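There are 2 protein chains.
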Amino acid sequence: MRIVVDGMGGDNAPAAIVQGCVEAAALIPHQIFIVGEETQIKKELKKYKYNKDQIQVIHASEVITNEDAPVRAVRTKIESSMVKGITMLKEQEADLFISAGNTGAIMAGGLFILGRIQGIDRPAIAATYPLLRSKRGVSLLVDSGANVECKPNNLLEYGAMGSIYMQKVLNVDNPTVGLVNVGSEESKGTTIVKAAYELLSRSNLNFIGNIEARDIPKGVCDVIVCDGFVGNVILKLSEGLAWNILKLLKTKFTSGMVSKMGALLLSGKFKELKELFDYSEYGGAPILGVKGAMIKMHGSSSANAVKNTILKGVPYAENKVVQVIQDSVLELEEVMFRE
Amino acid sequence: MRIVVDGMGGDNAPAAIVQGCVEAAALIPHQIFIVGEETQIKKELKKYKYNKDQIQVIHASEVITNEDAPVRAVRTKIESSMVKGITMLKEQEADLFISAGNTGAIMAGGLFILGRIQGIDRPAIAATYPLLRSKRGVSLLVDSGANVECKPNNLLEYGAMGSIYMQKVLNVDNPTVGLVNVGSEESKGTTIVKAAYELLSRSNLNFIGNIEARDIPKGVCDVIVCDGFVGNVILKLSEGLAWNILKLLKTKFTSGMVSKMGALLLSGKFKELKELFDYSEYGGAPILGVKGAMIKMHGSSSANAVKNTILKGVPYAENKVVQVIQDSVLELEEVMFRE
Chain A
5 MRIVVDGMGG DNAPAAIVQG CVEAAALIPH QIFIVGEETQ IKKELKKYKY NKDQIQVIHA
65 SEVITNEDAP VRAVRTKIES SMVKGITMLK EQEADLFISA GNTGAIMAGG LFILGRIQGI
125 DRPAIAATYP LLRSKRGVSL LVDSGANVEC KPNNLLEYGA MGSIYMQKVL NVDNPTVGLV
185 NVGSEESKGT TIVKAAYELL SRSNLNFIGN IEARDIPKGV CDVIVCDGFV GNVILKLSEG
245 LAWNILKLLK TKFTSGMVSK MGALLLSGKF KELKELFDYS EYGGAPILGV KGAMIKMHGS
305 SSANAVKNTI LKGVPYAENK VVQVIQDSVL ELEEVMFRE
Chain B
5 MRIVVDGMGG DNAPAAIVQG CVEAAALIPH QIFIVGEETQ IKKELKKYKY NKDQIQVIHA
65 SEVITNEDAP VRAVRTKIES SMVKGITMLK EQEADLFISA GNTGAIMAGG LFILGRIQGI
125 DRPAIAATYP LLRSKRGVSL LVDSGANVEC KPNNLLEYGA MGSIYMQKVL NVDNPTVGLV
185 NVGSEESKGT TIVKAAYELL SRSNLNFIGN IEARDIPKGV CDVIVCDGFV GNVILKLSEG
245 LAWNILKLLK TKFTSGMVSK MGALLLSGKF KELKELFDYS EYGGAPILGV KGAMIKMHGS
305 SSANAVKNTI LKGVPYAENK VVQVIQDSVL ELEEVMFRE
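Heads up: the sequence lines are chains A and B, in that order.
When you read off a place in the first sequence, starting at 1, and then add 4, the result is the number in the numbering used here.
When you read off a place in the second sequence, starting at 1, and then add 4, the result is the number in the numbering used here.
A portion of the hints provided could be inaccurate.
Since copy identity is lost for identical chains, a pair holds within one copy or between any two.
Unchecked claim - Below, simulated PhoX-like cross-link-like pairs (lysine-lysine); rule was C-alpha separation at most 25 Å, straight line:
#1 Lys-81 / Lys-192
#2 Lys-222 / Lys-251
#3 Lys-254 / Lys-192
#4 Lys-275 / Lys-222
#5 Lys-94 / Lys-275
#6 Lys-172 / Lys-316
#7 Lys-50 / Lys-222
#8 Lys-316 / Lys-240
#9 Lys-222 / Lys-192
#10 Lys-275 / Lys-316
#11 Lys-240 / Lys-222
#12 Lys-324 / Lys-50
#13 Lys-278 / Lys-240
#14 Lys-275 / Lys-254
#15 Lys-240 / Lys-251
#16 Lys-94 / Lys-316
#17 Lys-50 / Lys-192
#18 Lys-278 / Lys-94
No wet-lab data here; the hints were simulated from the structure.
Everything numeric in this text was worked out from a predicted model, so none of it was measured.
Generate coordinates for the entire structure from the input sequences, incorporating the hints supplied.
See the structure below:
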């Protein structure tokens with residue numbers, strides 16, 4: 005298979021992107037295209053030894069930045085690395101697209117260049133949520149920020165697409181689906197969430213009902229369904245809180261003599277903890293619902309994050325998740341229009 | 005002043021409630037009424053030495069449980085400890101009402117027995133959010149769960165009422181107000197949040213704009229404004245994540261010989277951390293916007309939580325927060341109806 009990577013997207017582009025591609029290429033047999041300003045990309049590539057048949061550079065003279073208005077950027081910067089990369093996916097010159105660039109532009113590119121899967125109303129961003137004390141490793145949070153306003157059928161779609169991704173990419177059998185709500189009772193929540201509960205209950209998904217936010221970190225379900233506003237809050241709050249707790253631990257544990265000794269003895273454990281919260285280990289977030297396999301990486305992705313996103317992205321394209329979602333749409337429509 | 009406490013509300017009632025009242029009474033000169041089943045309350049009181057003039061029991065033959073439908077319960081169980089307690093507030097036989105009972109029923113009691121402050125559309129629950137690395141101690145999260153669906157003017161009201169509470173009860177000068185959103189730019193968010201941004205900008209509050217959830221734990225602002233759905237997610241996720249991180253630390257730090265030694269050396273620090281996350285230290289959450297000073301405690305409140313809620317509740321009643329909110333309503337209306 006062929007992977008196309010946006011060489012110019014993200015805070016550490018192109019250096020970290022190129023390094024990540026080189027590191028990933030050493031571990032997989034697949035073709036990698038890096039799209040971007042040729043001189044810059046080649047300058048970075050020169051730093052490494054790599055198989056020149058496996059990594060190729062595709063020149064793109066423009067760059068979409070985080071300051072660009074997404075829709076406008078995708079429409080006008082047609083020579084940008086992002087638009088060219090997504091177009092390669094569209095033209096079946098590549099099987100997987102990866103970018104750490106402007107999230108809105110990635111979404112807009114997915115919608116306007118690839119188009120939605122027929123029958124899916126709103127594509128969503130599915131972020132992996134690290135579980136601290138579960139062997140299962142991660143839950144999938146859909147939507148984690150694409151659509152701040154959702155209809156009940158959108159939430160049903162998120163549950164269905166998330167389930168397919170969990171099965172096909174993360175090898176979870178019969179994944180459980182939970183709906184984020186303010187209480188576990190069916191009667192709780194907004195009008196929209198209540199209607200979504202109804203739809204999810206009627207579906208053939210492994211729906212476990214409403215879940216409360218306090219149970220998310222322990223891994224209460226495989227697929228966490230919510231609108232993009234709430235999903236964004238969940239993701240960012242978790243990041244912020246974990247980071248602040250680690251900082252606090254460090255301050256607390258290194259004040260006083262006895263504590264310093266204790267902290268020294270525990271330094272290995274601290275490192276393990278930090279890794280657990282390190283997004284770069286988990287790969288990126290797929291955009292589910294568009295006609296192509298796209299993965300959005302964290303804007304400040306390191307080379308390690310790029311490498312892991314490529315490695316973890318392979319089964320997303322290989323197992324034809326997009327096709328499976330397409331095939332399951334009819335079932336969703338039956339749920340929505342059944343009396 | 006006179007404090008009325010619902011002796012029958014919460015998982016640990018009446019034992020923990022009575023104990024908390026006795027402990028608080030020893031520290032303040034105020035009158036405490038405990039409303040509830042007389043025999044049970046008196047049996048608990050017998051365990052302690054206390055000033056019999058200071059703590060009095062008011063008999064109530066009924067109890068509103070967590071299983072009761074809130075509105076119905078408040079309408080029909082008129083002999084319940086909750087209804088009798090709130091009625092004492094209404095009749096000016098008490099200045100502050102505290103309960104660990106059914107949250108919906110407390111809200112319904114506030115609305116139907118006391119009524120809304122004229123000009124306030126929706127009363128809200130204002131929870132204190134512990135800040136881990138800030139000397140300021142807490143932010144105030146409004147609304148933390150009363151109204152899952154909000155209009156823009158409700159969010160403006162939350163900002164205004166939260167500011168007054170922060171000034172009058174927590175002694176914060178010119179408190180900063182932030183609006184929870186998916187990004188810091190003015191153009192972000194749902195239609196409702198965008199309109200609320202507009203209203204807050206035009207107000208005389210110390211509005212700092214949109215805040216992202218990742219900045220909440222570090223104390224980005226004094227008053228965190230959001231709808232009750234998002235507020236509930238923020239509060240519960242923080243609780244769950246902090247608890248899971250502490251659990252994980254314990255597991256990690258006590259595996260292996262060297263680690264056990266380290267953990268032993270750090271046990272005091274662990275205790276400090278646990279206290280930081282312990283809701284019982286922070287007192288309860290005021291119901292802002294009703295015509296009376298009401299505080300809702302955590303359902304599983306311990307005696308310590310009851311004691312702290314009483315102690316921290318005193319300035320809420322003494323500084324006439326309800327009256328100040330009433331006086332500021334005209335200003336809010338001007339913001340809302342200005343072109």
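We went through each hint and held it up to the structure:
1. Lys-81 / Lys-192: Between. Shortest inter-copy distance 23 Å satisfies the 25 Å Cα cut-off; intra-copy 45 Å does not.
2. Lys-222 / Lys-251: both (22 Å within a copy, 11 Å between copies)
3. Lys-254 / Lys-192: So Lys-254 and Lys-192 fail the 25 Å test inside a copy (40 Å) and across (35 Å) alike.
4. Lys-275 / Lys-222: both (21 Å within a copy, 22 Å between copies)
5. Lys-94 / Lys-275: Answer is neither: 42 Å inside a copy and 56 Å across each miss the 25 Å cutoff.
6. Lys-172 / Lys-316: within (12 Å within a copy, 53 Å between copies)
7. Lys-50 / Lys-222: neither (44 Å within a copy, 42 Å between copies)
8. Lys-316 / Lys-240: The answer is within: 22 Å in one copy meets 25 Å, while 31 Å across copies does not.
9. Lys-222 / Lys-192: within (22 Å within a copy, 30 Å between copies)
10. Lys-275 / Lys-316: Only inside one copy: Lys-275 and Lys-316 sit 23 Å apart there, 39 Å across copies, limit 25 Å.
11. Lys-240 / Lys-222: The answer is both: 17 Å in one copy and 12 Å across copies each meet 25 Å.
12. Lys-324 / Lys-50: Answer is neither: 34 Å inside a copy and 71 Å across each miss the 25 Å cutoff.
13. Lys-278 / Lys-240: For Lys-278 and Lys-240, the Cα distance is within 25 Å both inside one copy (16 Å) and across copies (23 Å).
14. Lys-275 / Lys-254: Close inside one copy (11 Å) and across copies (15 Å); limit 25 Å.
15. Lys-240 / Lys-251: both (16 Å within a copy, 21 Å between copies)
16. Lys-94 / Lys-316: within (21 Å within a copy, 62 Å between copies)
17. Lys-50 / Lys-192: Neither way: Lys-50 and Lys-192 sit 58 Å apart in one copy and 41 Å across, limit 25 Å.
18. Lys-278 / Lys-94: neither (38 Å within a copy, 53 Å between copies)
In the structure shown, a violation is registered for the earlier hints numbered 3, 5, 7, 12, 17, 18, in ascending order.
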